[in-house]
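**Q** Here is what each chain is made of, one letter per residue.
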Amino acid sequence: MMIHEEICVGCGRCQPYCPTAAIRYDGIKSRIDPDVCYECSTCLRAAHCPVDAIAESPDVYDYPRALRRYFSDPSATHAATGIQGRGTEESKTNDVTLRVKHGEVGVAIEIGRPTLGMSIADIQKITRAIARAGVHKIEPHNPIHSMIANEETGDLKPEMLGERVLSAIIEINVKRDELRGILRTLKEVAREVDSVFCVDACTIVEPGLKIPEEVLESIRAEGFTWRPNAKVNMGLGRAWETPEKQGC
Amino acid sequence: MTHSLHREGSLESLEKEYVLFIYPARGFNYKGSAPKVRHLVELLYQAGPVNMIPTSLRRNMYSGVTNEEILDSITVEGTRVYSVFNDREKLKKALILIQEANEGISIMVSGVTDRVRELAAELGITPHMVNLSLGIHGNTDRLPPADIREFTTMCGHGVVSPYLVKDMIRRVKTGKVSAFDGSVLLAEPCTCGIYNPFRSAELLREKMPLYTVDRW
Numbered sequence: 014m015m016i017h018e019e020i021c022v023g024c025g026r027c028q029p030y031c032p033t034a035a036i037r038y039d040g041i042k043s044r045i046d047p048d049v050c051y052e053c054s055t056c057l058r059a060a061h062c063p064v065d066a067i068a069e070s071p072d073v074y075d076y077p078r079a080l081r082r083y084f085s086d087p088s089a090t091h092a093a094t095g096i097q098g099r100g101t102e103e104s105k106t107n108d109v110t111l112r113v114k115h116g117e118v119g120v121a122i123e124i125g126r127p128t129l130g131m132s133i134a135d136i137q138k139i140t141r142a143i144a145r146a147g148v149h150k151i152e153p154h155n156p157i158h159s160m161i162a163n164e165e166t167g168d169l170k171p172e173m174l175g176e177r178v179l180s181a182i183i184e185i186n187v188k189r190d191e192l193r194g195i196l197r198t199l200k201e202v203a204r205e206v207d208s209v210f211c212v213d214a215c216t217i218v219e220p221g222l223k224i225p226e227e228v229l230e231s232i233r234a235e236g237f238t239w240r241p242n243a244k245v246n247m248g249l250g251r252a253w254e255t256p257e258k259q260g261c
Numbered sequence: 024m025t026h027s028l029h030r031e032g033s034l035e036s037l038e039k040e041y042v043l044f045i046y047p048a049r050g051f052n053y054k055g056s057a058p059k060v061r062h063l064v065e066l067l068y069q070a071g072p073v074n075m076i077p078t079s080l081r082r083n084m085y086s087g088v089t090n091e092e093i094l095d096s097i098t099v100e101g102t103r104v105y106s107v108f109n110d111r112e113k114l115k116k117a118l119i120l121i122q123e124a125n126e127g128i129s130i131m132v133s134g135v136t137d138r139v140r141e142l143a144a145e146l147g148i149t150p151h152m153v154n155l156s157l158g159i160h161g162n163t164d165r166l167p168p169a170d171i172r173e174f175t176t177m178c179g180h181g182v183v184s185p186y187l188v189k190d191m192i193r194r195v196k197t198g199k200v201s202a203f204d205g206s207v208l209l210a211e212p213c214t215c216g217i218y219n220p221f222r223s224a225e226l227l228r229e230k231m232p233l234y235t236v237d238r239w
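If you read the sequences in order, they're chains A and B. Anchor point for the first sequence: position 108 equals 121 in our numbering, and the numbering is continuous, going up by one each time. Anchor point for the second sequence: position 29 equals 52 in our numbering, and the numbering is continuous, going up by one each time.
Derived from the structure by calculation, the hints contain no laboratory data. One or more of the hints may lead you astray.
[What the hints assert, rightly or not] Here are the in silico distance ranges between beta carbons for each label pair:
id, chain 1, residue 1, chain 2, residue 2, range
1, B, Gly-87, A, Lys-188, 26 to 34 Å
2, A, Glu-219, B, Leu-34, 23 to 31 Å
3, B, Ala-124, A, Gly-147, 43 to 51 Å
4, B, Leu-34, A, Arg-251, 32 to 40 Å
5, A, Gly-236, B, Arg-165, 29 to 37 Å
6, B, Gly-71, A, Asp-48, 43 to 51 Å
7, B, Gly-71, A, Lys-170, 32 to 40 Å
8, A, Pro-220, B, Leu-34, 24 to 32 Å
9, B, Thr-149, A, Gly-194, 29 to 37 Å
10, A, Thr-238, B, Ile-119, 47 to 55 Å
Every value quoted in this text rests on a predicted model; they were computed, and no experiment measured them. C-beta atoms are modelled at their ideal positions from N, C-alpha and C, and glycine is treated no differently.
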C-alpha cells in the first residue's frame, strides 16, 4: 500500500488501522513503510481516508511481492488456488469430503497468527522441520503447497524468502499415532522462529462429540493443552456432485 | 476462518458467543449450492445473528447493507456464509431451522465445546469432526497483551489491529464514541463478518479502566 504524499493531510487517522504499524508520520504526513507493509489493504478498505490518499502500490501484484497480498488480504483471491483464504476448506467440509479420514488427524499450523505475521524465511524453518519429521505431503490444495521447491527437504522457492505475510496455513494429515512426533517437532521449531503460530488438530469424533482419547493423550504427552472453545463440524453436509466431476 | 477456534477471553465471555459457518465443498456440493445457501441465510435471519457476511458481498451487517442486498448477492455457486450469535438459544433456533431444511451444506459451529456438545445432544445432531486449538507457539513475547487479543482474535485473519483497539479504548474513554459504535468501527476491517460488536462493547467497557488515554 502507499499514501500519496501530495494528497495526505497528515490527520493520522489511518495509522492505528494497520495491524503491523507500518503507517507512521514522516514529517507531517503519514507514510507506509513498504518493507513492513503486508499489503493486507485494511487501511484502504476500512480507515476511510478523508482525502482518498491511500492507494495500492504499483508493485503489489509483481512476483514475489504479490505473495504479501495473496496471503494477507482476506478478500484477495489467491493466484495459486483460485479461492479466497490462506487455507483450504479443511475441517469445515470434512463431513462431505472426508479429507481427514478415520484414524487420521489433520494438523494445521496457522502461521503468523494472531496478528504478527511471519517472514517466509521463518515459514521455511517450519516446512523444513516438518519434512525432517518425515511428513512430505503438505495439502496440495493449500496455497503454501505452490511455494515448495523441494518436498523432501521442505525448502521453499528461494526468490520468496525475502517476503513476509500476515497469515498462512500449513495443513498436513498424519496418522493418530504420528501426532506426538509432529507436535514435538512443532514445539522445537517454535524456538527458532521470530514470530508465532497457532496449532490446530482436527479429528473425526465419536458419537456424542467425544474426542478420541488417543488424540487427547498425544496432545497431553507433548505438553500441549487445548482451548475450551473449538470448531465443530456438525455433520449436516452431503455430496451430490458425481465423483468424476470432483475437483478434489 | 480457521482462527475462529482461537478466540481468547474468559470462559464466561466465550460462552456467550458462537460462530456459525455455512460452507459448500468445492467439487462435492458446489453446483446448485447458491439457492440452498440463500435459503439457509433466510433461516439465519429468523434466529438473529449479531453479524454476518456472505463471501459474495463481503460487507458486514453494520456497513449499511440491507438484508435484501445480502440475500440477493447469493447467486454465486460456492458462496460461503460466516455469522456470529451472542446467545445460545438463538444459535439453537438457527440449528433447528437448518436441520429441518436439510439442504446438505456443511455447517460448522465454533464455540465452547461443552456447550456445543449439549446443543448437539438436545437437537439429536451427531457432529462429525472437532478442530481443537492447541494454542499459540513461538516468540509469544511479541504478542499484544492478552486483554487486547480478546478483541483482535475475534477476527480470524488478524486484520483488526491491536493499535486500533487501543485507539478505540482511548476514544470511548474520552467520550468521543460509544462502546457499541466503537465496536462497529472495530468490526469494519474484519471481512469475515465474525467480529462480534456486542461482545466487543462489553469488553471495551470492561477494559477501559485499565488503560490510559494516551495516543495509541
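**Q** Confirm or reject each hint.
**A** Against the structure, the hints come out as follows:
1. The hinted window of 26 to 34 Å between Gly-87 (chain B) and Lys-188 (chain A) is violated, with their beta carbons roughly 50 Å apart.
2. Taking 23 to 31 Å as the suggested C-beta distance range, the pair Glu-219 (chain A) and Leu-34 (chain B) conforms, at roughly 24 Å.
3. At about 44 Å, the beta-carbon gap between Ala-124 (chain B) and Gly-147 (chain A) stays in the expected band of 43 to 51 Å.
4. The hinted range of 32 to 40 Å is satisfied by Leu-34 (chain B) and Arg-251 (chain A), whose Cβ atoms lie roughly 34 Å apart.
5. Evaluation of the 29 to 37 Å hint for Gly-236 (chain A) and Arg-165 (chain B) yields a failure: the beta carbon distance comes to about 21 Å.
6. The hinted window of 43 to 51 Å between Gly-71 (chain B) and Asp-48 (chain A) holds, with their beta carbons roughly 45 Å apart.
7. Look at Gly-71 (chain B) against Lys-170 (chain A): about 47 Å separates their beta carbons, and that is not inside 32 to 40 Å.
8. For the pair Pro-220 (chain A) and Leu-34 (chain B), the beta carbons lie near 25 Å from each other, so the given range of 24 to 32 Å is met.
9. Thr-149 (chain B) and Gly-194 (chain A) have their C-beta atoms about 31 Å apart, which keeps the hinted 29 to 37 Å range intact.
10. Distance hint for Thr-238 (chain A) and Ile-119 (chain B): a CB-CB separation of about 33 Å, inconsistent with the stated range 47 to 55 Å.
Hint compliance for this structure: hints 1, 5, 7, 10 are broken, all remaining hints hold.
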